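Numbering (the working numbering), first residue to last: 1 to 99.
FYI, nobody ran anything at the bench for these hints, they're computed from the structure.
Here the structure is a predicted model, which means the values were calculated and not measured.
Pairs of lysine to aspartate or glutamate residues, derived as EDC-like cross-links and limited to a Cα-Cα distance of at most 16 Å, are as follows: (1) Lys75 - Asp25; (2) Lys70 - Asp25; (3) Lys83 - Asp25; (4) Lys70 - Asp92; (5) Lys75 - Asp87; (6) Lys99 - Glu59; (7) Lys21 - Glu31; (8) Lys70 - Asp87; (9) Lys84 - Asp25; (10) Lys70 - Glu88.
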Amino acid sequence: MKLVLAFMLGCLPMLAGAQEKLPRDVARFVENAEMCQHFAGEWDDNDKARQREITQAIEQSCGLAQRQWKRLAAKYAGQPAIKKVIDEHANDAVRSFRK
1 MKLVLAFMLG CLPMLAGAQE KLPRDVARFV ENAEMCQHFA GEWDDNDKAR
51 QREITQAIEQ SCGLAQRQWK RLAAKYAGQP AIKKVIDEHA NDAVRSFRK
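Given the sequences, and given the hints that come with them, work out the whole structure.
Shown next, in the form of structure tokens:
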């Protein structure tokens, strides 16, 4: 049992290194796209102040994510693994955002 545990603990650094880190600009895009989708799914007709906050958050996160998406899609066109992450996070809220 101790041998198995020691083996598993010894493999952890290799497993952590196997997970490819995203470039910083792609990670920021993923975060903005997720926030865009989150806020686009919220709507509160009863609270006008809250609705203004949601609208501002949508304009900020979706607008930024949409600009990032177009730039990053071109920048990483030749890197299929990164392009796949970008495409997966270019959700409907990001793609269809209009100010």
